[in-house]
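As they're listed, the protein sequences go chains A and B.
Residue numbers for the first sequence follow full-length UniProt numbering, beginning at 1 and rising by one.
Residue numbers for the second sequence follow full-length UniProt numbering, beginning at 1 and rising by one.
It is worth saying that the hints were derived from the structure and are not from the lab.
Hints are not guaranteed to be accurate.
[Said to hold, decoys possible] Sample of chain A residues lacking proximity to chain B, with all beta carbon distances greater than 12 Å (derived):
{"id": "1", "residue": "H17"}
{"id": "2", "residue": "H18"}
{"id": "3", "residue": "T21"}
{"id": "4", "residue": "G38"}
{"id": "5", "residue": "K48"}
{"id": "6", "residue": "S55"}
{"id": "7", "residue": "S59"}
{"id": "8", "residue": "L60"}
{"id": "9", "residue": "L61"}
{"id": "10", "residue": "S77"}
{"id": "11", "residue": "F121"}
{"id": "12", "residue": "T144"}
{"id": "13", "residue": "L148"}
{"id": "14", "residue": "T217"}
{"id": "15", "residue": "G282"}
[What the hints assert, rightly or not] Which stretches of chain B does chain A cover? Using the computed rule of at least three CB atoms under 8 Å from a CB of chain A, they are:
{"id": "16", "segment": "53-63"}
{"id": "17", "segment": "556-562"}
The beta carbon of each residue, even a glycine, is placed where N, CA and C say it ideally should be.
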Amino acid sequence: MATSTSSSSSQPYRPYHHLKTLNAHQRAVSCVKFSNDGTLLASASLDKTLIIWSSTTFSLLHRLIGHSDGVSDLAWSSDSHYICSASDDRTLRIWDARASTGGDCVKTLRGHSDIVFCVNFNPQSNYIVSGSFDETVRVWEVKTGKCLHVINAHTMPVTSVHFNRDGSLIVSGSHDGSCKIWDTSTGTCLKVLIDDKLPAVSFAKFSPNGKFILVATLNDSLLWNYSTGKFLKIYTSHVNRVYCITSTFSVTNGKYIVGGSEDNCVYLWDLQQKTMVQKLEGHSDTVISVTCHPTENKIASAALDGDRTIRVWVQDP
Amino acid sequence: MNASIIDPLQGDFPEVIEEYLEYGVMKCIAFNRRGTLLAAGCSDGNCIIWDFETRGIAKELRDKDCAAAITSVCWSKYGHRILVSAADKSLTLWDVMSGKRITRTVLQQTPLQARLHPGSSTPTICLACPLSCAPMIVDLITGTTTVLPVLIPETCSELAPSSRNKLSDGAPSYSPTAACFNKYGDLVYVGNSKGEILIIDYKRIQVYAVVPISGGAVVKNMVFSRNGQYILTNSNDRTIRIYENLLPSKDEIRTLDSISENINDLEGVEKLRAVGSKSLTLFREFQDSITKIHWKAPCFSGDGEWVVGGSASKGEHKIYIWDRAGHLVKILEGPKEALIDLAWHPVHPIVVSVSLAGIIYIWAKDYTENWSTFAPDFKELEENEEYVEREDEFDLNPETDKIKESDVNEDEEVDIVTVEKDAAFSDSDMSQEELCFLPAIPCPDEPEQPEKCLESFSKPVDTNNSGSPLSEEAGLNGHLENHVLSPLEDDAGGTYVKRKRKPSEKGLELQAEKVRRPLKANGSNLQESECRNTGDPEPGRCRRTDGRKWRCSHNALPNQRHCERHLPKPRFHQLDENV
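Here chain A stands alone, though its shape is the one from the complex (with noise of 0.2 Å):
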């Protein structure tokens, strides 16, 4: 199932296998994510509902319904208590996760004029920020849902917005090529990162100690140094020609960049070196989103339409 080339790290390299197949979507999902403290899993799709699922059990413990169009993206907040999600009906709501009082939207964030496709929490989770197919990002605050400031990012929808790690800076990508980097706190911009037309930036995230920036473009995924503005590292081979497909950091047993693909398999890829390590094949379709547990060698894959399911590999033990 697993073609695997052995990377020079000291230890080999344990390949991933397929755990658990989850079945519960009516449509193409679009978003997974492990909550912070890993006990939980939810799952965003565009049947308008969110699933919370425990990620121990994989059993399915709350359907979140309320939105009136499919939901793009989800985020938890650090506490793991409030799950924020972005859908086409231009909101963002904010459900309350836990698993006794959960299931209940506690706020929606009205302001966006179309479709929201990305949101994160800060890590001190008091902050929102969204990014939408009016090409503007918005930063609002959780308490009481008011719209902090209105950034009008780029020229084309905004495909990803991501907090650093002390919540200072916001990085957002977008269909127009360029990768900019805001303040917070005034909302202004302090650097682009990239700036060419071509290709459109479809993701970008910080690296958890937010010196670096991964980002996604239509072609490959690349690591800058943000403060530099060069780029470090390229991982390609996959392929990435029309979806915003999201990547992320696996540090729990060795570097490595998990992102996944439109030809139906989720790649993972060495930190360092740059090459491909394994391909975990079983979806039927692209494969959008992949998430990696805190704390576990464990990772959740999402896809599309043809395929409704989600997917959890584990690491040999």
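Take the given structure of chain A and dock chain B to it, following the hints.
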């Protein structure tokens, strides 16, 4: 974290009032160690914790036993506890995360200032400076107090005896003295009414050194800088003095002992003075020689580079900022409300001041957008430079262009997990968990019913589908926001930004409902035509205009169309007698 991409700033000090916070009447403020939370003590005995990033209230510490004004607030080292001293002679220790009271002690006198021991994360000892007594160490759990010696008698070498009683009977009444812990809490520095600084080991109640201040005026405040290298004294002779701390940051007592042993030829007070001269040296003096202002609440900036002092003379609200070299760099002038407390943010160039009216003003740098960030391949020049082009720059096929810019070693190891230690917090013990933030709990929305009217008028905007929907929606939203905020702003003084924080959600709910109802009525108007004449997009706002783009932004009186100023008034006809 973002220091590498932000331009180095010209002067790292605040310039304008950015915002103000209002909730009750606040009397004193204190930042936590990282500056993410601001604790404020109010005149009704409550303590409010503001989330400084969102400028919203994070927690309220209410005590039904205490209804007197708070005189001082102090955080513990890692932000888990807060000590509050009040005018009813009590000291209350709170646990921040849970918002529960841990213990309460009542003293014999009102403590003007109380400071928690800075050494541990769950301190039980605090230093209290009462109104008319010598400073004392209070053990909060047992309630015992230990009075510290304040005066060194000139004649004898005996030190003032320590007393376990709260009062020193028969002793002359002291004017308020100032005291503070040093950085790790091993020593207490006391400034007395004779103008001397005493270095005391509070565990053994022993005075180690005496440093006389020139002029001998009563010491009103004493503050250490964050790194413990400098100490600031504010004296009655209207001068702020900075002393450099010569003792090492750890093992001060041993150093003091060894210095004391080395000075064998002096006795008593002379010896103490000699030791004192080896522990502190005068570094700078600040005063305003023209107006001779009494300084209020002086303190250091977070990195110790700047010294700030407040002036409340004649009811003014002025903040003076000096650099460490002694130059006055800025005077910030606020509204006509006397200043009562001042604090500098531990990390950012932000100053927070409290006025007599109980409002907190936040002073920050006036930021300007850096437009060069939008053009990453342009280089910003300080001044005009003569550009010397390369030999082959304008050739049709320059050789150097072909060489690809690959000076980055792609095989280099990249570290994505190690976090750089923040230099400003060099002494933070990583094993201790610091309380930086209180969790933000979203306030639940009101029930679903008003949402229908929003949906009904957003539909026509949708169908337009051109570049304008964004601005139209933003415009409508902007009007909504203006309307919600405008009834709350009732002062016309316009030198500072009006952004009041109404913390009660009930108030917000009521406002939101008030806005939604008139919009429901006008929703149909907006659907029919874009013409503004038929419906007023902002009912409740005065209708006075200049015929062009300006419209009066005050609120119309109830049942009227204009504000008080623009009400059509009857005018008296003057009988024209001259014709």
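Checked hints:
no.: 1; hint: H17; verdict: holds, 26 Å
no.: 2; hint: H18; verdict: holds, 27 Å
no.: 3; hint: T21; verdict: holds, 30 Å
no.: 4; hint: G38; verdict: holds, 17 Å
no.: 5; hint: K48; verdict: holds, 16 Å
no.: 6; hint: S55; verdict: holds, 22 Å
no.: 7; hint: S59; verdict: holds, 27 Å
no.: 8; hint: L60; verdict: holds, 25 Å
no.: 9; hint: L61; verdict: holds, 20 Å
no.: 10; hint: S77; verdict: violated, 8 Å
no.: 11; hint: F121; verdict: violated, 10 Å
no.: 12; hint: T144; verdict: violated, 6 Å
no.: 13; hint: L148; verdict: violated, 8 Å
no.: 14; hint: T217; verdict: holds, 16 Å
no.: 15; hint: G282; verdict: holds, 28 Å
no.: 16; hint: 53-63; verdict: holds (count 3)
no.: 17; hint: 556-562; verdict: violated (count 0)
Violated hints for the displayed structure, listed by number in ascending order: 10, 11, 12, 13, 17.
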